[in-house]
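Numbering (this note's numbering), first residue to last: -19 to 407.
Some hints here could point you the wrong way.
[Said to hold, decoys possible] Cut-off 25 Å, straight-line C-alpha distance, at most; resulting in silico cross-link-like pairs (SDA-like, lysine to any residue): (1) LYS397 to VAL311; (2) LYS396 to ASP376; (3) LYS136 to VAL(-1); (4) LYS396 to GLU351; (5) LYS126 to HIS200; (6) LYS126 to ARG98; (7) LYS229 to ASN241; (8) LYS275 to ALA264.
Since the hints were made in silico from the structure, they are not lab data. As the structure is a computational prediction, the values presented were derived from the model and not from experiment.
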Amino acid sequence: MSARSHPFLEDLAARELIVDSTPREELAAHLGEARRSAYIGFDPTADSLHVGNLLGLTLLRRLQLRDHRPIVLVGGGTGLIGDPSGRAGERALNELETVRANAERLKRQVSRFVDFDRGANAALLVDNYEWLGSVSLIPFLRDVGKHFSINVMLAKESVSARLATGISYTEFSYQLLQAYDFRELARRHDCTMQMGGSDQWGNITAGIELIRRMDAGAAHGLTHPLVARSDGTKMGKSETGTVWLDADKTSPYEMYQFWINTPDADVIRFLKFYTFLPLAEIVALGETTEHAPEKREAQRVLAREVTQLVHGDDGLRDAETITASLFAGDVTGLSAAQLEQAFAAAPTTALAADDLGTPLVDVLVRVGLAESKRRGRELLTTGAIQVNGRKVSGADAVLSGDAVLPGGFVVLQRGKKTFHIARLEKK
RNA sequence: GGGGAGGUACCCAAGUGGCCAAAGGGGGCAGACUGUAAAUCUGCUGGCGAACGCCUUCAGAGGUUCAAAUCCUCUCCUCCCCA
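Construct the entire structure; sequences and hints are all you get.
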């Protein structure tokens, strides 16, 4: 290993994953000398992580693949305070119980990304409530607070952005807590590096500074870009809302669809960010996109890779089967068993056998494809609705017996890519 | 404490007694085109109803009027200027 570089950093740089870092050569040397531990914090503000957290998770994975030790910090303590970064206004405080419960669930989720059973560099998971929960104010102010300059704290982007509109002392203190976390991890687990989104840079440097002052230690930091799509929209939101990593909140099929819909302009960048494919392969996909964009080869690969990473082989298989069936256009030739298999994990609503003859408008409302009957009628008259791949015309259409496929399935479709399976239950 | 400007649908914003379910833009949904793309063009965008229509809605509560987003009273909230 060269003293000037390190494969982990080279890989990240080639993938354009580095925004800020402590001096690159020093960091490379640090990583080259020995097995190191690096952490990323996740605040349990919801009961699941989402696509916005994905980049951090993959970063930890990349680190572990380079034989270093990833530490996942669940912010059970800081989550009670609220990070002001990137926020226009004060956060609503979550209840202790909620945060505790969320923290528990996050622990289970991250095991998809890092390996907790990998010998010497097995991943480690810690919850900062462990130390923050019992911090006493006076000692904290004397020992930790003393090392912070209000002038510096005020100058940080995350704080100065809020000075005009207002920020509570609680949120203002967030950076102290995050810095304290870093120092605590350094002491407890010999953690010498913190990573995070570029909005975390200020908090990370605060931690590095604190470690230097209190322990005369050297620590490093690195931030990744905050991902936005080329059209300016934030990453991680789909038409229907946040794309969660929890399969119960966002199905593998929806996850797959989210990625396959990536615009050409973003797909190569996202392959670099979110997949572990070799760069040469990604470059080749870039050429395919260039010359034959209609194949959407890069999108397909991206969707496959990420879905597999997040939901495993089973999740990917479900997503691909459902996608193939729904978008093939013709489901009428399939057997009950095939349909059963294809739609096992698709969004499904059960209908009763005697719902046959019900106006289709009502069915659309019931399964959620139409917000109201008026909307439903509008969709029907503009030709937006298809049943089993066949366009339905007329607002007065009814759900008829010949629309029912083997096994009681009816494939309802709104527009080009919104599907819902209705399943008639036998009496 | 004094003076002023405001709060309208998902967002911005027009509307100052009836023609207002409320202009325009954005966003969203759909159609055409296409590659489950982008751009563009078109339609729709409070609810119920097949429809005449009915119901709910213009910060909140009352009131005036045949009729109120529009006028009056009180309340709450936001912003600006002066002290």
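A quick look at each hint next to the structure:
1. LYS397 to VAL311: Given that 25 Å is the threshold and the Cα spacing comes to 15 Å, the pair holds.
2. LYS396 to ASP376: Given pair LYS396, ASP376 holds - Cα atoms ~21 Å apart, limit 25 Å.
3. LYS136 to VAL(-1): 17 Å, holds
4. LYS396 to GLU351: Holds. LYS396 to GLU351 sits at ~17 Å (cutoff 25 Å).
5. LYS126 to HIS200: Answer holds: LYS126 to HIS200 is near 22 Å, not above 25 Å.
6. LYS126 to ARG98: Violated, at about 40 Å.
7. LYS229 to ASN241: 19 Å, holds
8. LYS275 to ALA264: 14 Å, holds
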